[in-house]
Structure formats: C-alpha cells, structure tokens
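Student: In case you want the letters, here they are:
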Amino acid sequence: MCDQTFLAITFGPCDSCSENRPLMNLYIKTEPINYCSLCMEIMACQGLASGETLKSLKAESETLRKKLEEERKKLHDVELEKVAEKAEALGELNMKTRRTLKGHGNKVLCMDWCKDKRRIVSSSQDGKVIVWDAFTTNKEHAVTMPTTWVMACAYAPSGCAIACGGLDNKCSVYPLSLDKDENLAAKKKSVAMHTNYLSGCTFTNSDMQILTSSGDGTSALWDVESGQLLQSFHGHSADVLTLDLAPSETGNTFVSGGSDKKANVWDLRSGQNVQSFDTHDSDINCVKYYPSGDAFASASDDSTCRLFDLRADREVSIYSKDSIMFGAASVDFSLSGRLLFAGYNDYTINVWDVLKGTRVAILFGHENRVSSLRVSPDGTAFCSGSWDNTLRIWA
Amino acid sequence: MSNNMAKITDIRKTVEQLKLEVNIERMMVSKAAADLMAFCEAHAKEDPLVIPVSSSENPFREKKFFCAIL
Chain R
1 MCDQTFLAIT FGPCDSCSEN RPLMNLYIKT EPINYCSLCM EIMACQGLAS
51 GETLKSLKAE SETLRKKLEE ERKKLHDVEL EKVAEKAEAL GELNMKTRRT
101 LKGHGNKVLC MDWCKDKRRI VSSSQDGKVI VWDAFTTNKE HAVTMPTTWV
151 MACAYAPSGC AIACGGLDNK CSVYPLSLDK DENLAAKKKS VAMHTNYLSG
201 CTFTNSDMQI LTSSGDGTSA LWDVESGQLL QSFHGHSADV LTLDLAPSET
251 GNTFVSGGSD KKANVWDLRS GQNVQSFDTH DSDINCVKYY PSGDAFASAS
301 DDSTCRLFDL RADREVSIYS KDSIMFGAAS VDFSLSGRLL FAGYNDYTIN
351 VWDVLKGTRV AILFGHENRV SSLRVSPDGT AFCSGSWDNT LRIWA
Chain D
396 MSNNMAKITD IRKTVEQLKL EVNIERMMVS KAAADLMAFC EAHAKEDPLV
446 IPVSSSENPF REKKFFCAIL
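These protein sequences, in sequence, are chains R and D. So in the numbering used here, spot 10 of the first sequence is number 10, and the numbers just go up one at a time. Heads up: take any position in the second sequence, counting from 1, add 395, and you land on the numbering used here.
Read the hints as simulated data drawn from the structure, not as lab findings. We put the beta carbon where it would ideally sit given N, CA and C, even for glycine. Hints should not be assumed to be uniformly reliable.
Unchecked claim - Quick list of in silico lysine-lysine cross-link-like pairs, DSSO-like style, CA-CA up to 30 Å:
(1) R:Lys262 with D:Lys414
(2) R:Lys67 with D:Lys402
(3) D:Lys426 with R:Lys67
(4) R:Lys73 with D:Lys426
(5) D:Lys440 with R:Lys82
(6) D:Lys408 with R:Lys66
(7) R:Lys74 with D:Lys414
(8) R:Lys102 with R:Lys128
What the hints assert, rightly or not - So the derived list for chain D, only partly shown, Cβ under 10 Å to chain R, looks like this:
(9) Met422
(10) Ala427
(11) Ala429
(12) Phe434
(13) Cys435
(14) Val448
(15) Glu457
Looking at chain R on its own, in the form it has when it is part of the complex (with noise of 0.2 Å):
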C-alpha cells in the first residue's frame, strides 16, 4: 500500500513556479508530477502548521513521554506483592502429563481449544492441521494447507470451523463436517489477506468475524462471509507477533504484541490504539488477557513474563527468575486468574502465582521448545505445543 514515487532529473517548466529549472519529476501513483527543488522546499514547509519545526514537534513529543512516565508513577503506591501478602498461599501443584497427542511430522507451532473442552486444533511446520479428540487423544480431522509455517490457528466458538495460516500471508477458513470422507481443502475460504505472515489469528465472539495479527506490522478485523476487511489497526513499527481479545463481558478490545517490544491495546470499533506499554526489553512473542478484563499478561524473548493493569495503565508484576535465560514463548492464565502457565525455550513450562510473583512449580517432559500453551474452556487442563512434534495435556 506505499506510493511509488520515482525520481529522475529533467530540465524544463515547473508545474508550480512555471519557471525553466532542472526539474525533480515524481510519479506518484504513476501520475508524473513536475516540481523544482525550490517550489518543493516551499511545499514541505507549509505541510507544517505555523510556528511548527521538525524539532518543535519532536520536543513536544519528548515532553509529552515525560509526562505519561509522570502520570503513571503518582499512581504506583503500592506493589502488587505487598497487597497479596493477605492472600492465601497455594496448596502444592500436583501436575503432570496426562496424555500426549503425537501425528504430527514436524514442529508444532500453535494450537487452541474448543469450546466444548474436548477438542484441541493444532498446526505445525509442515503444514498440517490436525483436529484432535483429547479425551482419547483420537485424530478427527487432518488438512494440509498449500503453505508451510503455519503459525497460527484457531477454533471457531460454535465449534464448526477452525481458521489457520501463516506464510501464505493469508488466513483461511476450513468448516469441519461430521462426515468423516469430507474434503476439508475443497471447501476451504480466504478470509484475511496481509502483505507479510500471519502470526496470530483468533474468531471473535461469532463465527461471523476474525481478528488477524501479521507480519506487516498491522491487525485488521475481517468479515468471514464476504472476506471484506472491517477495520484495521496500525501503530506497531514492527512485526506483531501475537494477539488476544479482551473476554466478552468486558467490551470491544484486544492487546496485540510485537517484535518492537511493545503492547497496544485497541478499541475494535474504531480501530483507535488506546493504551501503550514498552517495558518488555525485547520481542512480546504472546500475550493473554486475565479472565476479569482488567489486565493482561505478555511473553517475551526477555526471558520475563509481565502482568499489566488495564485501569492503573502500567506494569504491577514481573514473573521472573536469574535462572531462567531462555525467552518464554506463550502464557496463559488459568480460570481464577490466580496461575500462570508460562512455556519458554529451554523446554520447561513453569507455573507462576499471579499475584505473589513467586514461582509454583516447574514442569518438564517436551523435548523442545514449548511453542504453544492454553488452558481448557472449563480449566480442568492444559495443553501445551512443542518444537518436538508433540503436544502434551497436563492436569
């Protein structure tokens, strides 16, 4: 979606002076635009308002950075470890794993859960997505997509269709069919169409509409009938990487994550970035929201994981430990909001208590990174994805 705009050096009239000048020809959207340097010096200037420079707006930026630092730091009265010293400490976690999903032939990159808390949809490197079943750890249905890297997938809440994509620059909606023969490639939709990879894909609360995160720096929300873009959101100056949207009783927003270290919350409606944080020292690779709405919780390559409160507008909680030096790739919390399921690089997930900070337990078992994690609809499990092929229910 940029202008092109292609320079060459030229002699004659100018469009706008109507004086004989070396002229710098500009196509803009192939249109050929005559101007001196002159008259294009004269022009940059009026784009600015009067009395403002370059320099004068970077000053009020800087001023006004300052200021949020300010406003933020009159509300940080307390820590959230100090006010969680009243609450009750956790009984011993007795986890483990309670089944292993393996067909998959390659890495397995993404996966979510369906609402009837029984179905789990996965996809991986090779380009396969497998719907399981994973009481019996059962497979019921399998589509190869026409594109590898398939870095993101999900489930649709009436538990009817699953969305995936990832290098293809495009998300796709596949609807599953009781019919065991079906063709699931044959019915395949093009939902989303992005410039760069999709990196994150999600239904909102109908089938009806899918919020999609890509590589091109940008989400967009997209209608699945008609594939026509609804609205989309820009602000991120780089790749965003992940993306959730806020719990239905909780109104029309969604935070997204990306590679420039940064957590935007927007509004869905009017596509307005509403809140900002950057505290992360590098990539957010996932972030969650707290099952009340009212903060959320981010991943990054950092090595940390961080709770944000949506209402104080700031960072309460850092999950962190000398020890861990791999980056955590994926979070969620579970129902209550009181743990925190992290998956990180060096192939452990850890379990942390939200609101002490403490860790609760560390659980081993994949043989690879932990790609991917998420609770069950009803928090009796969890099931994480992995670099090793595999993916593991723990409870």
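Take the given structure of chain R and dock chain D to it, following the hints.
Tutor: Okay, now just chain D, sitting in the frame of chain R:
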C-alpha cells in the same frame, strides 16, 4: 523533501497518540491490585487447577481410558 514530509507526518501522529494516552483515566495501583485479588479469591473455588477436584470429576485425571478395541 518527501522524506522530510514523511518524518513530519510520522512525528505528528506520535504526538497525537501521546496526547490521547496522557489523558486517559487511571486508577491507583492499590485499588487495581485489590480488585485483581478479589477476582482470584472469588473464582478460586471454581478453578480445578488451584483447588484440585477429585479424579472422578476431572476427565483428564480419570484412570479409565477410552479405548475402542477394533
């Protein structure tokens, strides 16, 4: 020249965005933290991972397996 104009539009957008962000409503961390704690406490009973439910109720912890012998 066009480079200059691009920089100006960029920085103007940043200034507008920062103005919006400075003016949002914020609450004290003590209140926000108390709300988070209250939510955790209120829902802790329903959370099968915080307060473990008996094996018979958690379908993944059940001892019996669903196997179809073909």
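Student: Are the hints correct? Go through all of them and say.
Tutor: Verification of the supplied hints:
no., hint, result
1, R:Lys262 with D:Lys414, "holds, 18 Å"
2, R:Lys67 with D:Lys402, "holds, 23 Å"
3, D:Lys426 with R:Lys67, "holds, 22 Å"
4, R:Lys73 with D:Lys426, "holds, 15 Å"
5, D:Lys440 with R:Lys82, "holds, 23 Å"
6, D:Lys408 with R:Lys66, "holds, 17 Å"
7, R:Lys74 with D:Lys414, "holds, 18 Å"
8, R:Lys102 with R:Lys128, "holds, 13 Å"
9, Met422, "holds, 5 Å"
10, Ala427, "holds, 4 Å"
11, Ala429, "holds, 6 Å"
12, Phe434, "holds, 5 Å"
13, Cys435, "holds, 4 Å"
14, Val448, "holds, 8 Å"
15, Glu457, "holds, 9 Å"
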